[in-house]
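From first to last, the protein sequence lines stand for chains A and B. Just so we're aligned: the first sequence equals residues 953 to 1175 in our numbering. Just so we're aligned: the second sequence equals residues 12 to 600 in our numbering.
Note that these hints are calculated values from the structure, not bench results. It should be emphasised that the depicted structure is a prediction, and the values quoted were computed from it without experimental measurement. Warning: the hint list may mix true and false statements.
In silico DSS-like cross-links for lysine-lysine, where the CA-CA straight-line distance does not exceed 30 Å [what the hints assert, rightly or not]:
id	chain 1	residue 1	chain 2	residue 2
1	B	Lys216	A	Lys1004
2	B	Lys377	B	Lys315
3	A	Lys1004	B	Lys239
4	A	Lys992	B	Lys158
5	B	Lys534	B	Lys476
6	B	Lys341	B	Lys476
7	B	Lys441	A	Lys1004
8	A	Lys1004	B	Lys158
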Amino acid sequence: MKGKSALVWLGLAGAAGAVLFQTSYTVQNREEQLASLNRKIVAEQEAIQILKAEWSYLNDPSRLETLARTHLSLRPTDARQFVASADLIPMRPAPAPVVPEIPPMAGLSPLQTQGGIVKVSAPAAPPAPPVAAPAVMKSAPAAPAKVPAPPAAPAQQAPAVIEPAAAKAAPKAQPAVVKQPQQPSPQTLTPPKNLVPASVKQQPAPPKTDSLGVMIARLGGNR
Amino acid sequence: MSDTRLGYDPIGAVYASAPTMSKPRSSLSVALEQTRNRLMVTAAVVTLAFTAIGAKLVDATLLRGGAEPRQIQAAEAHAPPVGRADIIDRHGNLLATSLATASLHADPKVVIDAKEAARKLVSVLPELDYKDVYEKLSSEKRFVWIKRNLTPRQQAQVHRLGIPGLYFEREERRFYPATQLASHVVGFTGVDNNGLAGIEQQFDKRLRNDPTPLQLSIDLRLQHILKKEVAAAVEEFRALGAAGMVYDVNTGEVLAMVSLPDFDPHNPTDLDENTRFNRNTLGVYEMGSTFKIFNSAMALESGKVRLHDSFDATHSIQIGRFTISDYHGKNRWLTVPEIFQHSSNIGSVRMALTAGIPTQRAFMQKMGFMRPTPVELPENGWPLVPNPWREVNAMTISFGHGISVSPMHTVAAAASTINGGIMRPATLLKREAGAELPGERVISPQTSEAMRRLFRLVVTEGTAKAADVQGYIVGGKTGTADKQKGRSYSQNARLSSFVGAFPMHDPKYMVLVMVDEPKATAKTYGYATGGWVAAPAVGRIIKQIGPLLGVQPVDPNAPEIIAATAINTNGTVPVKGSTVASVPPPRTH
Chain A
953 MKGKSALVWL GLAGAAGAVL FQTSYTVQNR EEQLASLNRK IVAEQEAIQI
1003 LKAEWSYLND PSRLETLART HLSLRPTDAR QFVASADLIP MRPAPAPVVP
1053 EIPPMAGLSP LQTQGGIVKV SAPAAPPAPP VAAPAVMKSA PAAPAKVPAP
1103 PAAPAQQAPA VIEPAAAKAA PKAQPAVVKQ PQQPSPQTLT PPKNLVPASV
1153 KQQPAPPKTD SLGVMIARLG GNR
Chain B
12 MSDTRLGYDP IGAVYASAPT MSKPRSSLSV ALEQTRNRLM VTAAVVTLAF
62 TAIGAKLVDA TLLRGGAEPR QIQAAEAHAP PVGRADIIDR HGNLLATSLA
112 TASLHADPKV VIDAKEAARK LVSVLPELDY KDVYEKLSSE KRFVWIKRNL
162 TPRQQAQVHR LGIPGLYFER EERRFYPATQ LASHVVGFTG VDNNGLAGIE
212 QQFDKRLRND PTPLQLSIDL RLQHILKKEV AAAVEEFRAL GAAGMVYDVN
262 TGEVLAMVSL PDFDPHNPTD LDENTRFNRN TLGVYEMGST FKIFNSAMAL
312 ESGKVRLHDS FDATHSIQIG RFTISDYHGK NRWLTVPEIF QHSSNIGSVR
362 MALTAGIPTQ RAFMQKMGFM RPTPVELPEN GWPLVPNPWR EVNAMTISFG
412 HGISVSPMHT VAAAASTING GIMRPATLLK REAGAELPGE RVISPQTSEA
462 MRRLFRLVVT EGTAKAADVQ GYIVGGKTGT ADKQKGRSYS QNARLSSFVG
512 AFPMHDPKYM VLVMVDEPKA TAKTYGYATG GWVAAPAVGR IIKQIGPLLG
562 VQPVDPNAPE IIAATAINTN GTVPVKGSTV ASVPPPRTH
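Produce the complete structure using the sequences and hints provided.
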């Protein structure tokens, strides 16, 4: 009787021991997993840190400026491109009346259109790239929106298209998609890429491969 | 029952030994007892040994006694893996960060074949010198650095060589993504990552102990524009150097600070000391005519001088060995706005003397010219102030000579004259939005408003027309100071500066450009004064930073703008339009 109960207790103790060991080994396994995960996390954090540094390095303003000048037709914003409120932006004219408007206009004012629209717009807004000129010409009869524009604009309504104030609105109205085929100025349709000065193009391209290595080489190279 | 178990249970026998005593002792029972006792002792010893082993086993396996401490916490997902905190600009762009790298060191005692090891090492790290490495590896030391801060690729290559006795150590390396752009502000660290200059030195403890990034008031975009234009001015006028700042007049934050020539913070040590010199804060200069800002504010604030008062600028003033004269003398009586507009030294002296010498000294103290600026840089110069403050000092100080202050002093003080009259301590740390701004009133709002009009007058009718920018109502004051060479002033070495602010109807930002020893060019008709050198640069800077700062452009001819910014030369404020005639081309002192 006593032997039996002792056996039972012994068995229980053995079972408890086995479970204990089993649990202990499971915990050890988990701990190893945790340690390896922690190592991975630290490695990832270091990688993130490096990538952040690289991101900032690649976002260096002077580098971005060079890239923007090389690859984009965008220019720094100018004070005259700001309007006081969105209500002042002229609405795009309805497409139907626009089409017949062109030929009579060209005929009526030969002086103003003789060199094509681009030529007229050139003296009005020299720093503005000529890209957007034709689209604006038509779309901006309501030029007084411009802040520094001369307030005398509304005098001429239909041909007002060619007046300086309208031309100044050019960059604003750029996305306007008025149909172009009637325009007598083919050169305005050329892509803006050829506007980039040659000197800009020749600037050394930023390193393309292994920028991370290049960056860390900077770190290690000098000490 | 106990009797029946006696023979079987030695342990039971111990307790049950009493009854057995009653039995007669035979040699057999004695031998049995002896054997039992021996068995018991043996069993006890064995039990003890196994218990000890078991206990140790449990300790080693279950309790992991003696093993390394267990990791019970997951690594924090957002904690930076490096020790030194980042420095970021006001929009969160990185200015300085730490990267983990590996450094290679060796234990020469463990290196078996130094010659072979050195040859292999040089093959993967070609920048190392074979002889040097060989000497290091064959030395008697137990620790030599081979190369600090390897790239991951180099580390892998060295690892693959499998040379015994070479070890890697994880190190941190400070990295400045903006390189030279903000080097004077951010500063640099040494090999062991201790700050040696700039913010890195000033906030060394903070950067070590607090892993959250330190946010500066600097705006990297403005910094770029400022540096580009200041560098262009240095190149155009073949100057020795230049300083430039963009400053928020209402909060006292420095938005950009450039000092040329500058340096690469990754490699600051083998450079000319001159490149590390921060002209904005450490350099103190006789600022010249820009001091007329403070002279005018002081005279108006004293109440003894009013805007429409006139002063005799007919003849030059003789005092001691000095003669005070005007460059472009009008040789007539000038009103206060005219003195400011034409930058008349004689008129300024008369204004200062009218206000009184003690008043002047007290005002200059209020402007912060008697102590270093509160800006958070270790490179912070003490102003050179005359002591005692005699009449001759008062006279020269009225037009910016005889007192040397840093450009930072000048900007912070000039901002206080136009922002409504509150002196804000200059800072390089971003101020929290909505936080209460420290500051003390130095002049009345009325004087400040008059100063705004005077600032604007210099740009519309005075010496700094080149600084005007369509849409951003610019105002300011030029300054051209002859530099002291030995005991006398040089006629050809100058500091040309311009302190500009915009928009003048509601001043928000101030821009300072100061060019050291500009040489006149044909384009400037032989002039190298503040109006010709610094003012156009400030104009170009404002033109570019205005849109970035979100300043609403306005029509300069709008009646409300004119009413808010214009002043007649007779000292009256016009209601509509200005009636002032134009003035000769900029030539100022």
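These are the hints, each one checked on the structure:
Taken as a hint, the lysine 216 of chain B and lysine 1004 of chain A pair is honoured in the structure, with Cα atoms around 24 Å apart against an allowance of 30 Å. A C-alpha spacing of about 18 Å is found between lysine 377 of chain B and lysine 315 of chain B, which places the hinted pair at or below 30 Å, so the restraint holds. Our distance criterion of 30 Å between C-alpha atoms is met by lysine 1004 of chain A and lysine 239 of chain B, whose separation comes to about 25 Å. Restraint check: the Cα-Cα separation between lysine 992 of chain A and lysine 158 of chain B comes to about 26 Å, which is no more than 30 Å; the hinted pair holds.
Restraint check for lysine 534 of chain B and lysine 476 of chain B: the C-alpha separation of about 16 Å stays at or below 30 Å, so the hint holds. A hinted pair counts as satisfied when its Cα atoms are at most 30 Å apart, and lysine 341 of chain B with lysine 476 of chain B qualifies at roughly 19 Å. Between lysine 441 of chain B and lysine 1004 of chain A, the direct Cα distance comes to roughly 21 Å. Compliance with the 30 Å bound is thereby established for this hinted pair. With a C-alpha separation of about 25 Å, the suggested pairing of lysine 1004 of chain A with lysine 158 of chain B holds against the 30 Å cut-off.
In this structure, none of the earlier numbered hints is contradicted; all agree with it.
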